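S.K.: Starting from the given sequences, assemble the full structure and let the hints guide the process.
Number of protein chains: 2
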Amino acid sequence: MAKVALLFSTGTEECEALNVVDILRRAGMEVSIISISGDRKVTGSHDITIIADELIEEHSFEEDDVLVIPGGMPGTNIIEANELAQKAIKTVSDKGKFVCAICAAPKVLGHGAYLVGRNACIYPGMDDELTGAKVNHEEVNVDGKFITSRGLGTAIPFALTIIEQLQGKEAADNMAAKIVFRQ
Amino acid sequence: MAKVALLFSTGTEECEALNVVDILRRAGMEVSIISISGDRKVTGSHDITIIADELIEEHSFEEDDVLVIPGGMPGTNIIEANELAQKAIKTVSDKGKFVCAICAAPKVLGHGAYLVGRNACIYPGMDDELTGAKVNHEEVNVDGKFITSRGLGTAIPFALTIIEQLQGKEAADNMAAKIVFRQ
Chain A
1 MAKVALLFST GTEECEALNV VDILRRAGME VSIISISGDR KVTGSHDITI IADELIEEHS
61 FEEDDVLVIP GGMPGTNIIE ANELAQKAIK TVSDKGKFVC AICAAPKVLG HGAYLVGRNA
121 CIYPGMDDEL TGAKVNHEEV NVDGKFITSR GLGTAIPFAL TIIEQLQGKE AADNMAAKIV
181 FRQ
Chain B
1001 MAKVALLFST GTEECEALNV VDILRRAGME VSIISISGDR KVTGSHDITI IADELIEEHS
1061 FEEDDVLVIP GGMPGTNIIE ANELAQKAIK TVSDKGKFVC AICAAPKVLG HGAYLVGRNA
1121 CIYPGMDDEL TGAKVNHEEV NVDGKFITSR GLGTAIPFAL TIIEQLQGKE AADNMAAKIV
1181 FRQ
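Here the protein sequences come in this chain order: A and B. For what it's worth, our numbering labels the leading residue of the first sequence as 1, then goes sequentially. For what it's worth, our numbering labels the leading residue of the second sequence as 1001, then goes sequentially.
It is possible that part of the hints are untrue.
Said to hold, decoys possible - For lysine to any residue, the following SDA-like pairs were computed, each having C-alpha atoms within a straight-line distance of at most 20 Å: (1) B:Lys1041 / A:Thr49; (2) A:Lys178 / B:Met1126; (3) A:Lys90 / A:Leu55; (4) A:Lys41 / B:Lys1041; (5) A:Lys145 / A:Gly168; (6) B:Lys1178 / A:Glu139.
Derived by calculation from the structure, the hints in this document are not laboratory data. From a predicted model like this one, the values you see are computed outputs, not experimental measurements.
M.R.: Written out as structure tokens, the structure is:
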């Protein structure tokens, strides 16, 4: 069972995070919502409060197959400024596992020079944040182990792409049918 | 500012609920997540725990412009069996305001004979639950003040349709662009 770590901050776009949690759990993955805000109770950018599964201080990231960074403001900036979040990205990336970011969050990877020479996308108007990347406006990009996507409206294809990468196209297509996505 | 009441139960499909909360709040509506489970802390069908804004016992529904019923199991069945939830549907419907249901939840309206003669849709395989309705397999149906939709994969179009009904097509189109939905 693949292990997925999803970062959640004060000011995270709740549904960019939770659509991924929901759909990957439906696919049988072990998904942990990890608060970077020092409290498991966290309020996102649209005043939705959730209870995270763990604090970032409690999670090593050594065993994760996938790291997911949702967007939203100020959540993305808070994640970018968080040393443990940066360390998590490095840990997962160094192990050759998937690092996935959506909406404004690909800028965290861009600024960290993780996307140099790679196909990638980000929220409209932020292309310049993807340092050295081959930026396009597709809903989702997969390049090596980096998956990027553009906003709340692309969160479901983003989640389905993660399933496709880990479990294959048939599993992703079956999930799309089960949730009545573009049927 | 339109007032929206969204029911949330133990076992509710979290993102069928929260995509709507998120997008309608972005549109400036006053959205209240209303727990029907006796506690503001509620866990949905995919183990995501949220803090609701109110308990159903605290909310009158007399002033609401929109009532939203998300799906998920066992959440839908718990909502259907809840007397205060049934009373809420009757209150909002009697006042001629919008009653909206997604995934399995349109069955609550079907069983209550709210959809007789109306165009409506529901999660695949459940058409027979929509007593007397003209059932189709569109992503979203609007018939009078009843809006129905089919699953997590149609939650964003469902939310955008609610915006279109209350604020017009341009507002819905602007929101779709803002969240990068089908751009």
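S.K.: What hints, given by number in increasing order, does this structure fail?
M.R.: Per hint list: zero violations.
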